[in-house]
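With these hints in hand, go ahead and build the complete structure from the sequences.
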Amino acid sequence: MGNKLSYQSRKKRISNSTTAKKSSIHGNSSSLIDEKHHDTDSNTHTSSVCTSGRKSSHVSTTTYWFPNHNDELDRLSSQHFALKILFEGNISSHILNRLNMENSVVLDLGCGPGTWLMDVATEFPGSQFYGIDIFDLFPSNIRPANVTFQVRDALEGLPFPDNTFDLVNLRMFIISIKANEWPLVLKEIYRVLKPGGFIQCCECSMLERGNEFVLKAGRAFTESVIDREQDPYVAHKMDKTLQAADFNILDFETKDIYFGKTDALNKEFLWDIVMIFKSAQPVIEERVGYTGEDYEQFLELFNANLQKKPDAIWTFYRCVGQK
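Using full-length UniProt numbering, the letters of the sequence shown map in sequence onto residues 1 to 323.
Hints were generated in silico from the structure; no laboratory data involved.
Fair warning: there could be bad hints in the mix.
Listed next, with one range per pair, are the computed distances between beta-carbon atoms [unchecked claim]: (1) Arg228 <-> Glu296: 22 to 30 Å; (2) Glu300 <-> Ser93: 52 to 60 Å; (3) Asn248 <-> Asn100: 14 to 22 Å; (4) Asp246 <-> Gly289: 38 to 46 Å; (5) Asp162 <-> Leu96: 22 to 30 Å.
Note that the coordinates shown come from a computational prediction; the quantities given were computed from them, not determined experimentally.
All C-beta atoms in this analysis are idealised placements derived from N, C-alpha and C, irrespective of residue type, glycine included.
Have a look at this one:
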């Protein structure tokens, strides 16, 4: 069965340097949020329901279909640090070589639990950082003083004036919006970026390389994305998508993960992809043919087959654009 998979929640690996700077938990960073948008209306409030024994948040205006239980929040935090290693930093060198991060204003759109935002905010204490997400998953007790969060649906418009940000980060949005909503989101990002400002997008491929078991699982996930009118292949064409939104492309790089390799980074992404499929159980279990309690057996088989030949490969894409 390959390496035995543990489904126990992992401790969130916020760096010690981040923790050390949290004595000013709710420091009053100068807010750029428009007052008229500050209070969220009923359309952006979350409600919780139980699906297959899991507590999930749902918002009427979103197509995001992953739960927000602790395992999933831990996965998002762990994935952040894996991506940081994979791409050799939180921010592309094509941005850092052009932007003074000692005095910038940065937006993380769809920030989730805010791991990327807090990590970068600690690295650049002289800049101001804002996080927007449709779910209130933000840390309430541990937060750098230069970070501000707000619950907001980007499809209803970003609550910031034109030409506000030096950098907007957009990561793993693939199951957050419908295919036809990408132009609207990118238009809003373009609006709030300063002239010469940067957008950094990171998305992943579907599972389309591996043995038959892996390919069947990958097809089940891809079909579920399509069923929700989302674009499973947006990562492959992110450069063209940004160009269509009037951004100049500075860089478009790909990184492959080989699940059969035994180094720490590839093992981290192995855990990540299995946990993704664990979170997706309510949506894909019928398609993979393992339902209810039998789904645990699927996850064990999935974990084992990802490590077999032919190589199962997962690709990440990062695109940098400039206004």
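Worksheet item: Which numbered conditions among the earlier hints are violated in the structure presented, ordered from lowest to highest?
Response: Hint 2 contradicted; others consistent.
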